[in-house]
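Engineer: Please model the entire structure based on the sequences and the hints provided.
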Amino acid sequence: MLFNNEGGKAALKLVYDMIYVDKSTSLNFPDPRAALLQGIAAMQISETISIQARQPKEAPNLRWGVDLPPVRYVGYEPATNLNSWFYSVPRLSMNKELTWKAIKWINSVQRDYELCAKYKSTPRYKENWAKPPFTTDPYAVALRKMLPYGRAYPNNLGLDGIMESLGAAIQKVWHNEAEIGPALAEAEELANKAIRDAAK
Numbered sequence: 007m008l009f010n011n012e013g014g015k016a017a018l019k020l021v022y023d024m025i026y027v028d029k030s031t032s033l034n035f036p037d038p039r040a041a042l043l044q045g046i047a048a049m050q051i052s053e054t055i056s057i058q059a060r061q062p063k064e065a066p067n068l069r070w071g072v073d074l075p076p077v078r079y080v081g082y083e084p085a086t087n088l089n090s091w092f093y094s095v096p097r098l099s100m101n102k103e104l105t106w107k108a109i110k111w112i113n114s115v116q117r118d119y120e121l122c123a124k125y126k127s128t129p130r131y132k133e134n135w136a137k138p139p140f141t142t143d144p145y146a147v148a149l150r151k152m153l154p155y156g157r158a159y160p161n162n163l164g165l166d167g168i169m170e171s172l173g174a175a176i177q178k179v180w181h182n183e184a185e186i187g188p189a190l191a192e193a194e195e196l197a198n199k200a201i202r203d204a205a206k
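Everything in the sequence shown is counted per my numbering, starting at 7 for the first residue and increasing by one.
None of these hints come from the bench; they were simulated from the model. One or more of the hints may lead you astray.
[Unchecked claim] Quick list of in silico lysine-lysine cross-link-like pairs, BS3-like style, CA-CA up to 27 Å:
#1 K206 to K15
#2 K124 to K107
#3 K110 to K132
#4 K124 to K151
#5 K29 to K19
#6 K19 to K178
#7 K126 to K137
#8 K107 to K132
#9 K178 to K29
#10 K151 to K126
#11 K178 to K15
#12 K124 to K110
#13 K206 to K110
#14 K199 to K178
#15 K151 to K137
#16 K63 to K124
#17 K137 to K124
#18 K126 to K110
Structural biologist: Right under this line is the structure:
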């Protein structure tokens, strides 16, 4: 896992400069989801399921949609991240059998359909996307159009440690607690340790 390279440094410097040089954003800017719902942001780039859940109550008159993120350069292929469902049972779990039983119960085509339809979530099974309400729901229809452009996250038990280490490095730089290079070097070391620990 490499963070402390030319690409990582350039990306973190870009965001740092947005705060301190361009002043196009700030550390106390509201949460992007809240900003969209309050009408002070034209768009937000992150997960959208919370908007789908919050909009009817917090912004009933807001008309919104979901689409692929803008590309960096003209001619680039659009892309988005796909997050798959991931279950894990700790080795030291006191109720392993019961936990696996619960996972098997929830992880079926029928249960997936029932729960996703009830809570307006997105199905895990391909066949459920072809059933109502997912065939007509604007959010689900838009997501189906985006799927061919998806890039899957790597699924491993070290992912949490990777994201945590990188997130901590970003915050240190934003708050001027560390320089970009040393912060990314530390994040890289911690991320690779998380991967090694997860593989044990």
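Engineer: Taking the hints in turn, state whether each one holds.
Structural biologist: Now for the hints, and whether the structure bears them out:
no. : hint         : verdict
1   : K206 to K15  : 31 Å, violated
2   : K124 to K107 : 22 Å, holds
3   : K110 to K132 : 18 Å, holds
4   : K124 to K151 : 22 Å, holds
5   : K29 to K19   : 13 Å, holds
6   : K19 to K178  : 13 Å, holds
7   : K126 to K137 : 13 Å, holds
8   : K107 to K132 : 23 Å, holds
9   : K178 to K29  : 18 Å, holds
10  : K151 to K126 : 18 Å, holds
11  : K178 to K15  : 14 Å, holds
12  : K124 to K110 : 19 Å, holds
13  : K206 to K110 : 25 Å, holds
14  : K199 to K178 : 20 Å, holds
15  : K151 to K137 : 16 Å, holds
16  : K63 to K124  : 17 Å, holds
17  : K137 to K124 : 13 Å, holds
18  : K126 to K110 : 21 Å, holds
Violated hint: 1 only; the structure is consistent with all others.
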